[in-house]
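Colleague: With the hints as a guide, bring both chains together as one complex.
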Amino acid sequence: MRAARSGDRAALQELVSRAYPMVRRWCLVRTGDPSDADDLTQDVLVQMMHRLDTYQGGARFTTWLYTVVRNAAIDRLRRDRRRERLRTDPLATERTAADPHPRPDQGADRTLLARMLRTFFEELPARQREVFDLTELQGLSASEVAEILGIEPVSVRAHLFKARRALRARILECHPEVAEEWT
Amino acid sequence: MSAETSCARVRDALLLAEPAELRGEGPGPVATHVRTCAACRAAARRILEGTQALDEWLGSVGAPPSLEALSALASVGRRPPGRAMPRGRRALAWIGLSVAAAAIAVLVLPPDRPAPVGSGGPTADPEELLPLVQDAEGRSFAVLETDDPNITVLWFF
Chain E
220 MRAARSGDRA
230 ALQELVSRAY
240 PMVRRWCLVR
250 TGDPSDADDL
260 TQDVLVQMMH
270 RLDTYQGGAR
280 FTTWLYTVVR
290 NAAIDRLRRD
300 RRRERLRTDP
310 LATERTAADP
320 HPRPDQGADR
330 TLLARMLRTF
340 FEELPARQRE
350 VFDLTELQGL
360 SASEVAEILG
370 IEPVSVRAHL
380 FKARRALRAR
390 ILECHPEVAE
400 EWT
Chain W
22 MSAETSCARV
32 RDALLLAEPA
42 ELRGEGPGPV
52 ATHVRTCAAC
62 RAAARRILEG
72 TQALDEWLGS
82 VGAPPSLEAL
92 SALASVGRRP
102 PGRAMPRGRR
112 ALAWIGLSVA
122 AAAIAVLVLP
132 PDRPAPVGSG
142 GPTADPEELL
152 PLVQDAEGRS
162 FAVLETDDPN
172 ITVLWFF
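These protein sequences, in sequence, are chains E and W.
Residue numbers for the first sequence follow this note's numbering, so the first one is 220 and each next one is one higher.
Residue numbers for the second sequence follow this note's numbering, so the first one is 22 and each next one is one higher.
Just so you know, the hints here were simulated from the structure itself, not pulled from any lab data.
No experiment lies behind these values; they were computed from the predicted model shown.
All C-beta atoms in this analysis are idealised placements derived from N, C-alpha and C, irrespective of residue type, glycine included.
The reader is advised that the hints may include incorrect statements.
[What the hints assert, rightly or not] Calculated Cβ distances over 10 Å to all of chain W for the following chain E residues:
#1 Ala278
#2 Glu342
#3 Asp352
#4 Val397
[Claimed, not checked] If you want the footprint, here are the derived chain W segments under chain E, 3+ residues with CB under 8 Å:
#5 35-48
#6 77-86
#7 112-120
So here's chain W without its partners, still in its complex pose (with noise of 0.2 Å):
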């Protein structure tokens, strides 16, 4: 491969070359003509340079924290991350959570009042029935209207 007739092709291959083969060692096409051509030399060169620059900035580090530094970092609320409930796992908090509200309230709530005179039953309009579902943060409640004016059953889900 002569220094004047490869020079474009080697250009190409210097892109994707071993590094040993840009320093121009062994007997392979590209470090042959490396050694040969001063042009793609001083390109495999900047090459090389540039990659070492990359090489050295990734490779700059400081001292090492200490125990006592990592220790108080790790007790100073910031919680280790990594450590959140799963998503699967908070959603069946979420669920268990709703369940043991929904078991509360109907405990809390009074038994069954005689239905007021004129309102034929639970409710006459079915639309009335529909609880107003919201949405705030990320998180979803419904809010179920009861009987009595003075209670209204918020449930999250």
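Isolated chain E (complex conformation) (with noise of 0.2 Å):
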């Protein structure tokens, strides 16, 4: 950490290159879609250089970097409404027209159970999304997580419980084989 922020390039790639799965997981969590992940990952790691100096020690890396990642995500929101309001998007007509939550008949295909559970994934709220990926996916800590998000440990379950409810039940919509085996 040090070599990199004295500007050493060795160890500045070594340092994106460790960070890079973390901080594209973590903006995939955030914008829920592949192509805007990317980007904002890009968006963060540019940032992370710069801002290498402002990291001072006290705090975990990882807490830092997802500061980084959240204000990223935040600027990047922002310039896209502007955009937005600037042009429509061609898109948008098709994707309200394709159905949000297609079912899948009884045995489909794990494609298309994986492309479900990202809809339903994208529909929980962003604190959701980042509380269940960090704790039920990544196996954090309650108080890591709390230490990470900046909010109370008590406020990382109840996070974690309404969006595993959620997201558990729509899975099990899923499979209307499994409510036919209860009854």
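Modeller: Take a look at the structure:
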């Protein structure tokens, strides 16, 4: 870290390589769209390089980096909204016309299920998505997630339970055969 | 907790249970039931599969970008986001510019000339003193008419 801050390019590249998977994942959680996540990831990595000297070392690096991600996401959202006011998205109507909640037939393939899960995940509020990913999928403790997100551990649990309930209910809806077995 | 009597209760519990309980691990009532009831075990397995699929999607990444690519990105006119001047400082900058513009106007404009005969001072009709304020793309400016028809002051704020 020290070498990267002093401008050592090899160390900086190493830092970018290590941070990239984590940043890309966070960006995907924030945006819900792989293409947007790629753009946001680039923004974040550029900012990380420029702002490395502002990292004091007091907080964990991941906490600091997550703040960069959130700020970059807010900036991008603001810019996108500004652009949106200037032009209408020709794909918007197409996306709206498509069924947002496709229901697979029994025995649907894994790809379709994965796509539906992404849709369900995107429907969750951003905070629930963040908490669900960090806690449920990445296995961080409630206190660790609380530190990263700057919220109370009890809020982390509340968001996690809401996300779990919503997401799991939707998963089970995709499998009518499960409900049939229950009845 | 028998399989016959508690499926309905476990169905709700599955929505909030810890992943380990869904896998049937541990001594808890949900885990115990999942181990013994095929229907609830199938539901728990679906939940785990779905969660895993989501995890795989979120975790799928390509190769990290090179420093050269990031540097090029930063230098081709894409100002790194978040470096814009804060709103408060932008407002101060506008005020400063407005004051500077007013000072320049005072310096550049010719000194007071005698008022035209019959004009009766600055302006007879008080409504003529009110500047015409207009909005354009989030920025306001005032149009101040002067006694000289060739000079109009635009005051941006």
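Colleague: Confirm or reject each hint.
Modeller: Against the structure, the hints:
no. : hint    : in the structure
1   : Ala278  : holds (18 Å)
2   : Glu342  : holds (13 Å)
3   : Asp352  : violated (6 Å)
4   : Val397  : violated (5 Å)
5   : 35-48   : holds (count 4)
6   : 77-86   : holds (count 7)
7   : 112-120 : violated (count 0)
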